[in-house]
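Number of protein chains: 2
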Amino acid sequence: MTEIIPHWLTKQADLAPEQTAIELTNGTTYTFLELKEKSQSFARKLQTLGVRKSAKIGILSTNHIDMVIAIHALSYLGAVGVMLNVRLTEKELNYQLNDAGVELVLTQDNEKMLDSKIASFSDVWNLHGTQSELSSEIHLNEIFTIIYTSGTTGFPKGVMHTYGNHWWSAVGSMLNLGLSKHDKWLAALPMFHVSGLSILLRSVIYGIPVFMLEKYDKHQFHEALMKKGVTIASVVTMMLRDLISQLGDDRYPETLRCLLLGGGPAPESLLEKAKDYQIPVFQSYGMTETSSQIVTLSPGKALEKIGSSGKPLFPAQLKINAPKAQIGEIYVKGPMVTKGYFNNADETRKSLEDGWLATGDLGYTDAEGFLYIVDRRKDLIISGGENIYPSEIEKTLSAMEGIRDIGVIGKANGTWGQIPVAFVAVEHSTVLTADNILTFAEKHLAKYKVPKEIYFLNQLPRNASNKLVRHQLKDHLTDNDFQSH
Amino acid sequence: MTEIIPHWLTKQADLAPEQTAIELTNGTTYTFLELKEKSQSFARKLQTLGVRKSAKIGILSTNHIDMVIAIHALSYLGAVGVMLNVRLTEKELNYQLNDAGVELVLTQDNEKMLDSKIASFSDVWNLHGTQSELSSEIHLNEIFTIIYTSGTTGFPKGVMHTYGNHWWSAVGSMLNLGLSKHDKWLAALPMFHVSGLSILLRSVIYGIPVFMLEKYDKHQFHEALMKKGVTIASVVTMMLRDLISQLGDDRYPETLRCLLLGGGPAPESLLEKAKDYQIPVFQSYGMTETSSQIVTLSPGKALEKIGSSGKPLFPAQLKINAPKAQIGEIYVKGPMVTKGYFNNADETRKSLEDGWLATGDLGYTDAEGFLYIVDRRKDLIISGGENIYPSEIEKTLSAMEGIRDIGVIGKANGTWGQIPVAFVAVEHSTVLTADNILTFAEKHLAKYKVPKEIYFLNQLPRNASNKLVRHQLKDHLTDNDFQSH
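In the order they appear, the protein sequences are chains D and E. Heads up, the first sequence is in UniProt numbering, so the first residue is 1 and it goes up one at a time. Heads up, the second sequence is in UniProt numbering, so the first residue is 1 and it goes up one at a time.
What you were told as hints is all true, and nothing was included just to trick you.
Repeated chains share a single entry, so a pair holds when one copy, or any two copies, can fit it.
Computed list of lysine-lysine pairs in DSS-like fashion (alpha-carbon distance at most 27 Å, straight line): (1) LYS215 to LYS181; (2) LYS395 to LYS452; (3) LYS215 to LYS117; (4) LYS273 to LYS305; (5) LYS474 to LYS395; (6) LYS443 to LYS112; (7) LYS228 to LYS181.
For the record, the hints were derived by calculation from the structure and aren't laboratory data.
Work out the full structure: start from the sequences and follow the hints.
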């Protein structure tokens, strides 16, 4: 039997109508009551457009108050939000739109050429709304959002999140971090990623404000921590580095009680610097499939367990399919873990068994049960907080005339954490330059996925069963920042 | 699909092994790790006694570390704890034991003559344990506890609580009160009531200590608030009055952030006094069926909304079956609400429809949605924090030879809040004294249920359909503390 709760925004607007829900960098604020009224109004306008229960509605936007309103509006209709990465090409977007059966895409502008019907937020605001009933309750087992991740096969998979997944993620985090009515969460991570979206939903569930940046800006982020009463912020390694570089002799206010660090393991030297600056870093581990963090290290243990991601949150479990203290694949389980991939029973079956999610990541736990990630997902490249799946790039580029074989790996990079680099074997009697390949790549891939270096090899390392042996590619890396051989 | 979480005590022992779980008045403390180990050990000994999954096991004890251990031990076996009120007579206990099919009663001593097998806690400790597997997970939809309440029919009904009911109750409270790792909850309410039991379970879920009194003692309670770092305490009106009477020129430390007041509406004068003493009182409304508080008033609103119980907790809903602002029956809904009465489909059907619990209480909400209870359950008598159901007393006493008709109501009392008083119409040609009736009552009822005053009437007020018109009985009340007419 599914659990039913009152609609969370309606409820928070009733409990704390005057409390700030959203605070923007220009000083504009929205209370929970205002946010509810705007979201309900937007929902009624969407009804005029024909949006109904279970309809798949794309949302293509950087962080913006209209995006927040649109997300909540969908929940008032029981519609499903397909959260689209604004950095994707039209071709990549269309793959997701078609796969999810998206009826309508809501955007900041409608300049994109997409396979689905498009409406800008202002198009919707200009409509008349219906007078129909809106949802007053939330059924926790219903699907609220779908967010695509590319799997190792390179085909993007739509991770389904129920309302319950988001709820339990928020509750699990609260049990770890505690909750004060003075909390304010800083969000610069995009809300089309689960890392940003989860901040928005925690705000509604906890009754605390989100200080929202339209996009990450290191000065604005630093200012917000310094002067805006922020108590918790979600960051990736690059952002932590940016913060430290701006601190100088200053310190953040003591009211800043948590910097939740996700998006890949952080270098020890950086964590030690953060400690010197008395920044309360909580390292964490999570993925789209776990509705954000599922394993978190508290600052009390940060230096004692340096490099660890911590322990699974209260409602979550962890196991490693290897003998104790040895490296194996990481499995996680808990009510914040996705029930599967949209319309993709095969991938769901491969990843989920008996509630346990095979993360594809390798790691081990120490004697006290603290998790250490060895490979943040085998081969996954994380560049400036974006996940890049080598196989997706390989698949795209291998379609290019003249490319015989290709392998992509991540290369350490001071600015981005990692950058994707490609190793190419060219067909005999073909001439291909790095520029040719980059031109092709730029046409078919989001900019952040375009390999930043191209290496030419006669032959890619493959094992007996013809699988690429990626780690051997690393031997060919040079240290240049951009280089074509 | 039911949600599965790791066993909550095992989990807390992993996350916070050194954190204090239980603190006793004699200074003894138990960490979560110790509590887990003792509970698992006790569970294995219970296995030796044949306790298996789904077995109904009575727990008959005042607050005691062994009671805490026994409760957790049952959860490691998937057994169901039937929480027995130590103040009940053997006859009353046996009704519950038989109704619930209790296999074994765990007690502090085994002096009672009961229909079920009995083992004292020390009997169990003296056994050898098995080596069998214990539960490592909790399925939230499984039944954990049964607590009997007498309904208006007078037949006690076994309220079933799933693990999920307790979980959601704890989470709902946390979303209202916030959570700090410095919290410590004072428990003097008995753990055989849901008000006390819920404190124990919040402690495990939140990872905070319970300061546990074996039973309520006004001096110990006051001392605990003064000197033991308690931040939250659960109280009933009588206890709040006791506290204020002991304060004199003192004030409780500022770290005391919440006195959660339940067990019936508090007089306005008392709430105003509490305000003068800067005691942060949170009035609340709840019952066994809602796994403790479901409606709570925050101190910010305490005097503005004097007499109100507040608003439903975040995961809960409330409706009144009457036009807006008018008095009607109170209905509540939420994942902390019982799924029904054990082995009693009739009463379950009468009380629960579509997730909504008919509380039997009358009340109204003001324009802002704050709840006011008009009758704390129609006719329910609350005496020293104990619920007394007039119909139960009436049913018992009407079995006495010579009693023609009887009605019981509560009378206001300075010490107990209310006391039960009885109105009796005697059969013609029969001589019955108040003493006769009291002797009979003392044999069949727990002491606190024995009417403290007996009034003799020629005729009880009954309406056309022969229903007792209780409010007319009030006209016959005198102010004497104990009196027989």
